[in-house]
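Participant: Same order as they appear, the protein sequences are chains H and C.
Residue 1 is where the first sequence starts when you use full-length UniProt numbering, and the numbers rise one by one after that.
Residue 1 is where the second sequence starts when you use full-length UniProt numbering, and the numbers rise one by one after that.
What the hints contain is simulated information worked out from the structure, not anything from laboratory work.
Please note that a few of the clues may not be correct.
Claimed, not checked - Below, in silico cross-link-like pairs of lysine-lysine (DSS-like), each with a Cα-Cα straight-line distance of 25 Å or less:
id, chain 1, residue 1, chain 2, residue 2
1, C, Lys104, H, Lys107
2, C, Lys123, C, Lys200
3, C, Lys8, H, Lys22
4, C, Lys123, H, Lys22
5, H, Lys107, C, Lys31
6, H, Lys57, C, Lys13
7, H, Lys157, C, Lys197
8, C, Lys8, C, Lys123
9, C, Lys196, C, Lys104
10, C, Lys200, C, Lys127
11, H, Lys47, C, Lys127
12, H, Lys3, C, Lys19
13, C, Lys104, H, Lys22
14, H, Lys121, C, Lys22
15, C, Lys22, H, Lys22
16, H, Lys47, H, Lys160
17, H, Lys107, C, Lys207
18, H, Lys131, C, Lys127
19, H, Lys22, H, Lys3
20, H, Lys22, H, Lys57
21, C, Lys31, C, Lys127
22, H, Lys35, H, Lys121
23, H, Lys159, C, Lys8
24, C, Lys31, H, Lys47
25, H, Lys131, C, Lys196
26, C, Lys207, C, Lys123
27, C, Lys200, C, Lys38
28, C, Lys31, H, Lys131
29, C, Lys12, H, Lys159
30, C, Lys19, H, Lys22
31, H, Lys57, C, Lys9
32, C, Lys12, H, Lys121
33, H, Lys22, C, Lys127
34, C, Lys104, C, Lys116
35, H, Lys47, H, Lys107
36, H, Lys35, C, Lys123
37, C, Lys100, H, Lys121
38, C, Lys197, C, Lys127
39, C, Lys22, C, Lys8
All of these numbers come straight from a predicted model, not from anything done at the bench.
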Amino acid sequence: MNKDLEQHFIVQLEEHQNIIHKICRIYTSDADAHKDLFQEISIQLWKAFPNFRGDSKFTTWAYRVALNTAISLYRKSTKSIATSDIEITSYKIKYEEYNDEEEQQLKLLYDAVRQLNDIEKALVYMYLEDKDYTEIAETLGISEVNARVKMNRIKTKLKKIVNP
Amino acid sequence: MEELDLLKKHWKKNENFPKFSKDEIQHIIHKRSSSIVKWIFYISVIEFALGIVGSFFITSFISKEEMIPNKIYEKMDTYSPIITILFYMVLVYFIFNFYKMYRKIAVDSSTRELMKNILKTRKIVNKYIVFNVVVVMISFMVGGIIGMLSIDHSDDLKVNALLFNGILSAILLVMSCVLALFIWLFYRIIYGLLLKKLDKNYQELKKIDL
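Model the full structure from these sequences, guided by the hints.
Facilitator: In structure tokens, the structure reads:
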């Protein structure tokens, strides 16, 4: 039974692992920290999996656990903060289908997102994942109106970071 | 606005991540977690254990004191079991509440709820620590007073006895204050390291929803 559950979980996680990778990308700034956070999120997901009742989608549930881990449970953030200034460019992202100017713009944007605080990152992440404000508000435990207001402020903030 | 939309366009397309295989994932999920909840749990259990051991030490130390005159010892004999029972009742209260809060911590609740529960769990143990420090300080004081009353001053001059008692009280007071300060500093360091980020994020989230 337990083995079945484990296999079931592993299949799901393997299929949806990009959810976690994307969170690691905005919350960490080097490959080591990325792997470390990925590991912690996977462990938390597995520990919480017996409580997952399947009345929501696996991905919806996983967003929550993963973001909570990155925001509240993960401890090694100081390392990623300390290195973020220097190693930000070491992050390899492929932009093959884009022209140079867009590529440059994208790099600036990813760097700008990494400068936001943990809560702002969570909002941006869910926005980029096309989550509606109801889900964003529920995940973070704030009201929908305030989630919307905050998101607008973040957009302005990002604009300022990118075009100082 | 355009900025984030450009990012969104790319976000969906870019799936260029190191892909973990099923075997690797299986390996990963059996590793040990380093989450702060786990640390808080361990440290709290150690704190409870230390509190219990400490109180055993203090009670057995005081009651076996042979230098205490019979008059005082008799009184202690009646009161100390009551105090001990009270102490353990308070301890059970703290452990029960700690356990109740700890069970409430669920990683799939909302971010705000999760952080609130972690901080609350921690607060219970903090209160327990304050309780212990107060108990230690009081026992110091009581021990000091008993000590003073126990010393036979019949041979000394009255003034000398008064001076002696005064100095002894002052020393005891300073010692207990230093001890309390030391314990307080120790906790600031441990939980400062552990909960600084969480607390900051919690305040940030609260600010959004004022």
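Participant: All hints, please: hold or fail.
Facilitator: Structure-based check of each hint:
Distance check on the hinted pair: C:Lys104 and H:Lys107 sit about 41 Å apart at the alpha-carbon level, beyond 25 Å; violated. About 16 Å separates the Cα atoms of C:Lys123 and C:Lys200, which keeps this hinted pair within 25 Å; it holds. For the suggested pair C:Lys8 and H:Lys22, the alpha carbons sit about 12 Å apart, so the restraint of at most 25 Å is met. As the CA atoms of C:Lys123 and H:Lys22 are separated by approximately 34 Å, the hinted pair breaks the 25 Å bound.
Distance hint between H:Lys107 and C:Lys31 is unfulfilled; the C-alpha atoms sit about 33 Å from each other, more than 25 Å. In summary, the hint linking H:Lys57 to C:Lys13 is supported, as the alpha carbons are separated by about 22 Å, within the 25 Å threshold. Annotation: proposed proximity of H:Lys157 to C:Lys197 holds, straight-line Cα distance about 22 Å (limit 25 Å). For the hint pairing C:Lys8 with C:Lys123, the CA-to-CA distance comes to about 41 Å; that exceeds 25 Å, so the pair is violated.
A distance of roughly 21 Å separates the Cα atoms of C:Lys196 and C:Lys104; the hinted pair therefore holds under the 25 Å criterion. Proposed proximity of C:Lys200 and C:Lys127 is supported: the alpha carbons are some 21 Å apart, at most 25 Å. With a CA separation close to 29 Å, the supplied pair H:Lys47 and C:Lys127 exceeds the 25 Å bound. Proximity of H:Lys3 to C:Lys19 is assessed by CA-CA distance (about 23 Å); at most 25 Å being required, the pair is judged to hold.
Of the supplied pair hints, the one linking C:Lys104 and H:Lys22 is violated, its CA atoms being roughly 28 Å apart against a limit of 25 Å. The suggested pairing of H:Lys121 with C:Lys22 is violated, with an alpha-carbon distance near 29 Å, which exceeds 25 Å. Taken as a hint, the C:Lys22 and H:Lys22 pair is honoured in the structure, with Cα atoms around 19 Å apart against an allowance of 25 Å. As the CA atoms of H:Lys47 and H:Lys160 are separated by approximately 40 Å, the hinted pair breaks the 25 Å bound.
Straight-line distance between C-alpha atoms of H:Lys107 and C:Lys207 comes to about 30 Å, which puts the hinted pair past the 25 Å bound. This hinted pair does not check out: H:Lys131 and C:Lys127 have alpha carbons roughly 40 Å apart, beyond 25 Å. Restraint check for H:Lys22 and H:Lys3: the C-alpha separation of about 28 Å exceeds 25 Å, so the hint is violated. Between H:Lys22 and H:Lys57 the CA atoms are separated by roughly 18 Å; this keeps the pair inside 25 Å, and the hint holds.
Restraint check for C:Lys31 and C:Lys127: not satisfied, since their Cα atoms lie roughly 33 Å apart, outside the 25 Å limit. Between H:Lys35 and H:Lys121 the alpha-carbon distance is near 18 Å, which keeps this suggested pair within the 25 Å criterion. For a cut-off of 25 Å, the pair hint linking H:Lys159 to C:Lys8 stands: about 15 Å separates their Cα positions. This hinted pair checks out: C:Lys31 and H:Lys47 have alpha carbons roughly 11 Å apart, not beyond 25 Å.
At roughly 29 Å between alpha-carbon atoms, H:Lys131 and C:Lys196 are farther apart than 25 Å, so this suggested pair is violated. Distance hint between C:Lys207 and C:Lys123 is fulfilled; the C-alpha atoms sit about 21 Å from each other, no more than 25 Å. In summary, the hint linking C:Lys200 to C:Lys38 is supported, as the alpha carbons are separated by about 19 Å, within the 25 Å threshold. Taken as a hint, the C:Lys31 and H:Lys131 pair is broken in the structure, with Cα atoms around 31 Å apart against an allowance of 25 Å.
Distance check on the hinted pair: C:Lys12 and H:Lys159 sit about 21 Å apart at the alpha-carbon level, within 25 Å; holds. Between C:Lys19 and H:Lys22 the alpha-carbon distance is near 12 Å, which keeps this suggested pair within the 25 Å criterion. At roughly 23 Å between alpha-carbon atoms, H:Lys57 and C:Lys9 fall within 25 Å of each other, so this suggested pair holds. A threshold of 25 Å between alpha carbons decides the hint, and for C:Lys12 with H:Lys121 the separation of about 17 Å falls inside it, so the pair holds.
Between H:Lys22 and C:Lys127 the CA atoms are separated by roughly 40 Å; this puts the pair beyond 25 Å, and the hint is violated. A threshold of 25 Å between alpha carbons decides the hint, and for C:Lys104 with C:Lys116 the separation of about 10 Å falls inside it, so the pair holds. The hinted pair formed by H:Lys47 and H:Lys107 fails the criterion: a straight-line CA distance of about 35 Å is larger than 25 Å. Among the hinted pairs, H:Lys35 with C:Lys123 is inconsistent with the structure: their alpha-carbon atoms are about 32 Å apart, more than 25 Å.
Under the criterion of a C-alpha separation no larger than 25 Å, the hint pairing C:Lys100 with H:Lys121 is inconsistent with the structure, at around 31 Å. Pair hint C:Lys197 plus C:Lys127 holds up; C-alpha atoms about 21 Å apart against a cutoff of 25 Å. Taken as a hint, the C:Lys22 and C:Lys8 pair is broken in the structure, with Cα atoms around 29 Å apart against an allowance of 25 Å.
The structure shown violates the earlier hints numbered 1, 4, 5, 8, 11, 13, 14, 16, 17, 18, 19, 21, 25, 28, 33, 35, 36, 37, 39.
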